[in-house]
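J.: Here the protein sequences come in this chain order: A and B.
Under the numbering used here, the first residue of the first sequence is numbered 1, with each subsequent residue one higher.
Under the numbering used here, the first residue of the second sequence is numbered 1, with each subsequent residue one higher.
FYI, nobody ran anything at the bench for these hints, they're computed from the structure.
Where hints are given, some of them may not hold.
What the hints assert, rightly or not - Ranges of calculated distance between the beta carbons of each label pair, as one might list FRET restraints: (1) 149/B / 52/A: 53 to 59 Å; (2) 170/B / 55/A: 35 to 41 Å; (3) 171/B / 220/A: 41 to 47 Å; (4) 180/A / 204/B: 28 to 34 Å; (5) 203/B / 97/A: 37 to 43 Å; (6) 85/B / 35/A: 57 to 63 Å; (7) 92/A / 170/B: 23 to 29 Å; (8) 171/B / 270/A: 27 to 33 Å; (9) 197/B / 211/A: 51 to 57 Å.
What the hints assert, rightly or not - Sample of chain A residues with no beta-carbon within 10 Å of chain B, all distances over it, derived: (10) 49; (11) 56; (12) 100; (13) 101; (14) 131; (15) 154; (16) 166; (17) 207; (18) 238; (19) 302.
A virtual CB, placed ideally from N, CA and C, is assigned to each residue, including glycine.
Number of protein chains: 2
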Amino acid sequence: MKKLVAGIDIGGTNTVFALVDEVGSIHGSGTFPTDLHKDFDDYIVALRDGIQEVSSKLDYPHKIMGIGIGAPNGNYYTGCIDSAANLRWKGNLPLAEKLKVLFGGIPVVLTNDANAASIGEMIYGGAKGMKNFVVITLGTGLGSGFVVNGEVMYGHDGFAGEFGHIAYLRGGRQCGCGRKGCLETYVSAPGLKRNAFELLSRENHPSVLRDIPFSQLTSKDVAIAAADGDKIANMALEMTGKILGESLADLVAITVPEAIFLFGGVAKAGSLIMEPTKKSFEENLLSLWKGKVKLVFSSLDENDAAILGSSALAWKELNR
Amino acid sequence: MKKLVAGIDIGGTNTVFALVDEVGSIHGSGTFPTDLHKDFDDYIVALRDGIQEVSSKLDYPHKIMGIGIGAPNGNYYTGCIDSAANLRWKGNLPLAEKLKVLFGGIPVVLTNDANAASIGEMIYGGAKGMKNFVVITLGTGLGSGFVVNGEVMYGHDGFAGEFGHIAYLRGGRQCGCGRKGCLETYVSAPGLKRNAFELLSRENHPSVLRDIPFSQLTSKDVAIAAADGDKIANMALEMTGKILGESLADLVAITVPEAIFLFGGVAKAGSLIMEPTKKSFEENLLSLWKGKVKLVFSSLDENDAAILGSSALAWKELNR
Numbered sequence: 001m002k003k004l005v006a007g008i009d010i011g012g013t014n015t016v017f018a019l020v021d022e023v024g025s026i027h028g029s030g031t032f033p034t035d036l037h038k039d040f041d042d043y044i045v046a047l048r049d050g051i052q053e054v055s056s057k058l059d060y061p062h063k064i065m066g067i068g069i070g071a072p073n074g075n076y077y078t079g080c081i082d083s084a085a086n087l088r089w090k091g092n093l094p095l096a097e098k099l100k101v102l103f104g105g106i107p108v109v110l111t112n113d114a115n116a117a118s119i120g121e122m123i124y125g126g127a128k129g130m131k132n133f134v135v136i137t138l139g140t141g142l143g144s145g146f147v148v149n150g151e152v153m154y155g156h157d158g159f160a161g162e163f164g165h166i167a168y169l170r171g172g173r174q175c176g177c178g179r180k181g182c183l184e185t186y187v188s189a190p191g192l193k194r195n196a197f198e199l200l201s202r203e204n205h206p207s208v209l210r211d212i213p214f215s216q217l218t219s220k221d222v223a224i225a226a227a228d229g230d231k232i233a234n235m236a237l238e239m240t241g242k243i244l245g246e247s248l249a250d251l252v253a254i255t256v257p258e259a260i261f262l263f264g265g266v267a268k269a270g271s272l273i274m275e276p277t278k279k280s281f282e283e284n285l286l287s288l289w290k291g292k293v294k295l296v297f298s299s300l301d302e303n304d305a306a307i308l309g310s311s312a313l314a315w316k317e318l319n320r
Numbered sequence: 001m002k003k004l005v006a007g008i009d010i011g012g013t014n015t016v017f018a019l020v021d022e023v024g025s026i027h028g029s030g031t032f033p034t035d036l037h038k039d040f041d042d043y044i045v046a047l048r049d050g051i052q053e054v055s056s057k058l059d060y061p062h063k064i065m066g067i068g069i070g071a072p073n074g075n076y077y078t079g080c081i082d083s084a085a086n087l088r089w090k091g092n093l094p095l096a097e098k099l100k101v102l103f104g105g106i107p108v109v110l111t112n113d114a115n116a117a118s119i120g121e122m123i124y125g126g127a128k129g130m131k132n133f134v135v136i137t138l139g140t141g142l143g144s145g146f147v148v149n150g151e152v153m154y155g156h157d158g159f160a161g162e163f164g165h166i167a168y169l170r171g172g173r174q175c176g177c178g179r180k181g182c183l184e185t186y187v188s189a190p191g192l193k194r195n196a197f198e199l200l201s202r203e204n205h206p207s208v209l210r211d212i213p214f215s216q217l218t219s220k221d222v223a224i225a226a227a228d229g230d231k232i233a234n235m236a237l238e239m240t241g242k243i244l245g246e247s248l249a250d251l252v253a254i255t256v257p258e259a260i261f262l263f264g265g266v267a268k269a270g271s272l273i274m275e276p277t278k279k280s281f282e283e284n285l286l287s288l289w290k291g292k293v294k295l296v297f298s299s300l301d302e303n304d305a306a307i308l309g310s311s312a313l314a315w316k317e318l319n320r
């Protein structure tokens, strides 16, 4: 009897789920638009049906031992999704409890995307055997998942690890959270774009980015232009890396991770983002830690990482 | 047979030790100047002799179960004091191991002052029953001890919790660590003094602080002047509180403690430092946490706190 868990990644656009074994092999998966169902209970039933359909297609004996879920604002302690801005259902959604009922009482655990990514890194990725590390996700925002003494740091309320909302520049750029100067307004996919636009306004170098409106420019455009030698695009990546490196040096002074893993859209720029980040990181570290903290890309495949993270969450819970 | 532990606090000036029971009652104590012995081995023997003398004066049956030590740059993992700037012995000092031999193999554990303070708060103070909290010590520097998931966060190398060395203002004031703009150059006893001098240079208000040279001004002078209504002194405490509140709001976004405990010389200014700190803290928190994280003074007596912290470290180790 093959033991499997269901890993579920709930995104603003799509919900993806898969059956995964303990070494991280995916035994079938499915997906549907997250906003297909107006009613949250209908959504959960669709999720159950989707997982059961994948399970029914496997032609060998297997058992679903537990379920792990990564979702925006997912709270490990309560099992609820708490007022997620980019989901259609409002309020406090008791996702873990409801799904547990539909699956006959097997363990169902929930956390946010960045924490799931950190557990994925710990179980299947580059953080195997590490007790203290951090995963930084550079996407629509800057997410962070901290592992301390071998356990995910959930904090008092389950929402620890909002490193994107420390102040990089007090009174600086307007952040979606209502405050100004948060790190993620400088370091994230939109942060990279804002850096490019700040540089377009400040410098006179010709740039292909001058022909793209703000609303259409993506972080990928910036990375492609930089790889083509565009000066402004390169400066934007350098600026992003400089700020990220400074901030990660502060992070080291607090939690002292063995390694920091970078993940997400901006990380796809490869050495164009890693080199300035490393340079600034090392320059800003307290001398005690210079050259001692690994700063690397996540070793998980971008396409499977969310699912692997969620399933790793389930395996970690089952093996407690 | 009364079970006791020896708590030792090694300061730059004095070494203090005491025998403490599990509820935090002190059963005798002693002290001697830390720099009395040129040779580190002689120092350790003096420490052993001092503890045994205190023990020999107790007229009831008792047993020393273990030893806990708080020391600058004390490393929990290695049991060594690692290049402490204000101790006369240089290099890596294997304190725990050597003391263990002198005491017949009982458990000897070592950590730094701020971590010891956090364990003292957890075992004997206001953090009883809390799983996630932080102790901030505002003395010669800004120290921090983090408890995460019920355990002290030592980080990968044993030196986690250097919150005083995150950047408050990059390129700002010269810090003793060789970098510029570290938080402790703005928030600590010397930081408060530097804030007062910055204000003396910037403002024209009359102030008793104008008659005291930099080399002689203490944070206590500033607090006394502020209590007497001195405008500059009050502004200095407000400035210190504003910066501390901003920084603690960032800290919450990372670890989400249930409570933050303030301790040390600057905390003695009472409401003069707490009020501006709380105001700034609440203003700068992400809305999710406004009004939800306790910001309070340590409930441990300043005179006993270091000893209680060290002895609590020993009790925690014995009860693992």
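J.: Each hint needs a verdict: does it hold in this structure or not?
T.: Hint check results:
1. 149/B / 52/A: 53 to 59 Å: violated, 35 Å
2. 170/B / 55/A: 35 to 41 Å: About 53 Å separates the Cβ atoms of residue 170/B and residue 55/A, which means 35 to 41 Å is violated.
3. 171/B / 220/A: 41 to 47 Å: Given about 33 Å between the Cβ atoms, the range is violated.
4. 180/A / 204/B: 28 to 34 Å: With a Cβ separation near 31 Å, residue 180/A and residue 204/B satisfy 28 to 34 Å, so the hint holds.
5. 203/B / 97/A: 37 to 43 Å: At roughly 58 Å between Cβ atoms, residue 97/A and residue 203/B fall outside 37 to 43 Å, so the hint is violated.
6. 85/B / 35/A: 57 to 63 Å: holds, 58 Å
7. 92/A / 170/B: 23 to 29 Å: Violated - the Cβ-Cβ distance for residue 92/A and residue 170/B, about 39 Å, lies outside 23 to 29 Å.
8. 171/B / 270/A: 27 to 33 Å: holds, 30 Å
9. 197/B / 211/A: 51 to 57 Å: Roughly 52 Å apart at Cβ, these two residues keep to the hinted range, so it holds.
10. 49: Correct as stated: the minimum Cβ-Cβ distance to chain B is 34 Å, above 10 Å.
11. 56: holds, 39 Å
12. 100: holds, 24 Å
13. 101: holds, 28 Å
14. 131: violated, 7 Å
15. 154: The claim breaks: residue 154/A does not keep its Cβ more than 10 Å from every Cβ of chain B (closest is about 8 Å).
16. 166: violated, 4 Å
17. 207: holds, 27 Å
18. 238: Residue 238/A clear of chain B: closest Cβ-Cβ about 16 Å, beyond 10 Å.
19. 302: Holds: least Cβ distance 25 Å, greater than 10 Å.
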